[in-house]
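Relying on the hints, combine the two individually framed chains into one complex.
These protein sequences, in sequence, are chains C and V. The opening position of the first sequence corresponds to residue -14 in our numbering, with each subsequent residue numbered one higher. The opening position of the second sequence corresponds to residue 56 in our numbering, with each subsequent residue numbered one higher.
Heads up, some of the hints might be wrong.
A few chain V residues that don't get close to chain C, going by computed Cβ distances all over 10 Å [said to hold, decoys possible]:
#: 1; residue: 63
#: 2; residue: 75
#: 3; residue: 76
#: 4; residue: 111
#: 5; residue: 167
#: 6; residue: 170
#: 7; residue: 194
#: 8; residue: 197
#: 9; residue: 202
#: 10; residue: 217
#: 11; residue: 254
#: 12; residue: 301
Label pairs and their calculated CB-CB ranges [unchecked claim]:
#: 13; chain 1: V; residue 1: 182; chain 2: C; residue 2: 115; range: 27 to 37 Å
#: 14; chain 1: C; residue 1: 115; chain 2: V; residue 2: 243; range: 21 to 31 Å
#: 15; chain 1: V; residue 1: 74; chain 2: C; residue 2: 316; range: 36 to 46 Å
The hints are simulated quantities; they were obtained by calculation from the structure and are not laboratory data. Bear in mind the structure is a predicted one, so any value in this text is a computation, not a measurement. We put the beta carbon where it would ideally sit given N, CA and C, even for glycine.
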Amino acid sequence: MSDSGVQLIEVRKSYGSMEVIHGVNLTVPEGAFVVFVGPSGCGKSTLLRMIAGLEEVTDGEIAIKGRDVTDLDPSVRGIAMVFQSYALYPHMTVRDNLAFGLKMQRTEKAVIDERVAAAAAILKIEQLLDRRPGQLSGGQRQRVAIGRAIVRKPEVFLFDEPLSNLDAELRVSMRVEIARLHRELGNTMIYVTHDQTEAMTLADMIVVLRDGVVEQAGSPRKVYEDPDNAFVAGFIGSPRMNLLDAVWLGDGQVKLAGRPEAAPIAGDGLAAGDKVTFGLRPEHLQVGVADGIEARVDVLEYLGGTRYLYCQLADGQPLIVEYRDGPDVRSGDTIALGCPADRRYVFNESGLRIR
Amino acid sequence: MTTKKEARARRALFSAGGYHGTGLLLAIFFLAPFAITILSSFRHGTEARLPPIPPWPTTGVSLDAYRSLDSFGAGVWQHTLNSAAVAIGTALLTVIVSLLAGYGFSRYRFLFKNALFVLIIATLMIPFQSILTPLFIILARLGLNNSLIGLTLVYVTLQLPFSVFMMRNAFDAVPKEIEEAARIDGARDFRLLVRVLLPLVLPGIVTVAIFAFLNSWNEFLAALVLLSDNSKFTLPILISAVRAGRLGAIDWGAVQAGVTVMSVPCLFVFLLLQRYYMRGLMAGAVK
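So that you can see chain V by itself, here it is in the shape it has in the complex (with noise of 0.2 Å):
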């Protein structure tokens, strides 16, 4: 009996270490290149041209290498700063038109219904970069180019697609009910969408936010093309500025400086809605 018991155990025990063992090495694989890259962005100017071996800092900690990274264009801030706006406007102008969008497409009869909807997923079909000579000549006629705002609108444009599907598929999983319910206690329109259905569309409504922050944060080739003034250049272009060097000498601290500062956002904005954003996965693969 105690042997029978034991052999259990002991297989339970090999069982439970390798789920953990794998599970350990896997989460080592992801998170070690972000380990390297930020311990060594606190490497001494001196050390950065050295082998990246070990990658932490072994002459004490210092900021070298993101003096160096500001030295580049117009100063890291100020392209951290064009980021930002960029992203956080494009997400919000996403969330705002594709929550409208989604809600008409899924509660409203109109002629061509389906139609349009399936127009609007097909250019998604079409590959962006075919279509950025068009975008910059109508940039350039709305007056719009080498603009943060024109950029935005472009953003927005791309994003808008997948924005509209998931917005549309989240209100489909709103019961009907609950809305005839909220007209009968007397919230119409405006007030039936905020109060009632907005907070049960929140999953929808994060995982288009996030999508679009970080599509926007790390878009590089429409922002290279439409952007041509050195101080409003987005991180991803000064970042390949950093990446090609001076004179041929790559400063390889400052590259991962900038490594650093571009990654550090992506993953706070995901961690913190993280919640949420599988959800809102949930609630668009059931339907």
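Just chain C, same shape as in the assembly (with noise of 0.2 Å):
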């Protein structure tokens, strides 16, 4: 076993008959911001929450630091958890809230006032102290959440879905203010989210879950630049990726609503005549290519830097185009698509990647 921060190994969690994680395998490095992202139900929440031990693990070992921790009681485990709806302790202050889980484990009273003190220092709450959550903000709730996990000192901070719960201009502070935090304590940290932009900012790793099965894990640029799959693809980057119905041609073309387009990649695999979806995303397409694919704008979405079209190909396939800057565009327009080779994707009956 490595010496990494935490190691999942062949992870299964089942309730009844019905299995939720199938086998997770993913190891995460020591001191890595570590975001899982998915759609609701994917077990990402579950995952975590198996880390911590909230979950018991039908089969297979979670380790942390290489000690084994797949039996151990949560609180041995090295793990702290802030929770999405903050689960403070209405009747604590805030001082009492971040200094219970010192206080089970029995540490001594001057340890505890400057753990305390240092955590609230870091997070900048240190006038709240004596206040108690109900007369918080929701952002202030947050930071003593965040504050309870620092106390404590874990090898590793869970995160649930922390900033779901806050408006959205205090999401984006705080999300800031994570990433500081990550940078100050260097501890591993993992963290849910369905927000794909909190996934891409915060991470070094991004595990995109489908169904209880990790679809793929890589760097932010990994996963938008080179997914392994149509799923991943659609998953990461906003709005998601065009994914076309088309026909494998052979020779480095595909068929897509009746003309050839050119689909730089090898092939192998694939037979002429295969069916495929060729995928392209929204900001790399570009409109008034000579020759390029034709499409009739439906709706276009004005958000002031940029433009959305909604557009509809000659077979009638939707697809969106984002347009920065040219001449102005209708609904009712019919324009050419252009894309460069290297931001073509094609992808088997299966939804798996053809390089």
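Here it is in structure tokens:
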């Protein structure tokens, strides 16, 4: 077993006869910021709760810093968790909330005071220490919840959608703060979210989950630029990648909406006539390219710096284009679209990327 | 302009007057019986036989009524003590059992959980008078008839269905995450219950305690049937003896004094704890 931050080996979870986590293998390097993303119900929270020890592991092994913690109590795993609902103790002051874990471990009072003061200073909540959670705003509560985690000096921080209860503006500033915290503390952090902006901005490593299976794990850049399959390609990126039905013609070409398009791949494992999915990201599509893919603009969304064009190809397939600058486009217009060769993705019928 | 303003001010005055007037009237309706009882309990012994108008002492304050009340049974102190022991014991035991049961029903998964819960609630539908005879026989077998402990156990049994229901709701209203956070912080089992959960379900506990206290303090029939020893009677039985009178002559002063002695602790308990009690009812209502 390596001495990495967190290691999951063939981890499975079943409720009765229903398996929800299907043999996850994952190595989180020490000090890394790892984000679990996926649609709701994909098992990302369950996986996090299994690492925390709040859910039993049906099969497999979880190690933290090389130590097998699969059957250990949550309090001795060296983890701390921040919950979506903050889960502060409403009847205690902020100070007591922060100190509670240490009191339970029978830490000396002087040490407790020192650590609480240090955590409060890091999070700038010194002036709130004598208040109760009910008297705090959402953002302040979240700071206290993070402070409660810091005070325990854990090996690993676990965040379960910590920002989803905050309003949009606060979410951005707390996001920056969590990034700063990671830089200052240098601990391993595992973060669950369904917000891909959070995932892309915070992560050293993104783990994309679907139906209890890891679809891809890698740096934000890797999962965005080099997705392993159509699901990851569609999930990462906003607006989502256009996944279009096409037919492989061989010789680095696909037939899209009745006409051939260059798809610069070797096409191993594909035979001419195979159905494929052709992926083009809205932000990579250029408008007004000679001999480009023809599309009719249905709806136009103006967002200031950019515009989203909701189009239809000649065969009726929908397509979204991000349009930054150029001549005015109106709904009903027909536009010709191009895309750089290295930004064209091909997936086979079962959704796997063909390179 | 001014007339409009004046008209509005007048309307506001009328509506405020109506609101407070109605409130005052209702308050008088509710408070009058207490005032009449307490005031007339301080009338002279000679006055007690006169028609009760006016209901307050006219010839000076006296404790005659209380002295007379004390001459019934084993003395009013003894009976008050009996009642207090039974009521406090019932409240304590009910709280302990329903706290643990409510926690179990709310948080643990076990076989036949819901069936058991429904069974407990279903006992509320059994009129307790109908099981008085079997209860009497069971207590006699256990050697607990004619004992305050036996009576307390019967009260606790009668009180439990409602209390378990109440406590389960109270625990259901506590978010699971708080418990999980406490488990990560290292609080388990008993410490988790006492340090983290107990303060959160306090309104429920207070509600259960008040109900248990008031119901057992006021209960008459079971006490009458199960207790046979004069010195063990609780206050409601004493009062019924006072109300029945001696040789056909009813000492109304003693009756008023008895009612006062009985209602003051109830008022005290309720006023002291009503803040929590109301919150407890809300917590149960929303969930």
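We went through each hint and held it up to the structure:
1. 63: Holds, because the least Cβ-Cβ distance between residue 63(V) and chain C comes to about 38 Å, which exceeds 10 Å.
2. 75: 32 Å, holds
3. 76: Label holds. Min Cβ-Cβ 37 Å, cutoff 10 Å.
4. 111: Non-interface label stands for residue 111(V): nearest chain C Cβ at 46 Å, farther than 10 Å.
5. 167: 17 Å, holds
6. 170: The claim stands: residue 170(V) keeps its Cβ more than 10 Å from every Cβ of chain C (closest is about 19 Å).
7. 194: It holds; residue 194(V) is separated from chain C by about 41 Å at its closest Cβ, greater than 10 Å.
8. 197: Residue 197(V) is indeed farther than 10 Å from all Cβ atoms of chain C, at 41 Å.
9. 202: Non-interface label stands for residue 202(V): nearest chain C Cβ at 39 Å, farther than 10 Å.
10. 217: For residue 217(V), whose nearest Cβ neighbour in chain C is about 25 Å away, the distance exceeds 10 Å, so it holds.
11. 254: 4 Å, violated
12. 301: Holds, since 55 Å exceeds 10 Å.
13. 182(V) / 115(C): 27 to 37 Å: 53 Å, violated
14. 115(C) / 243(V): 21 to 31 Å: Holds - the Cβ-Cβ distance for residue 115(C) and residue 243(V), about 28 Å, lies within 21 to 31 Å.
15. 74(V) / 316(C): 36 to 46 Å: 60 Å, violated
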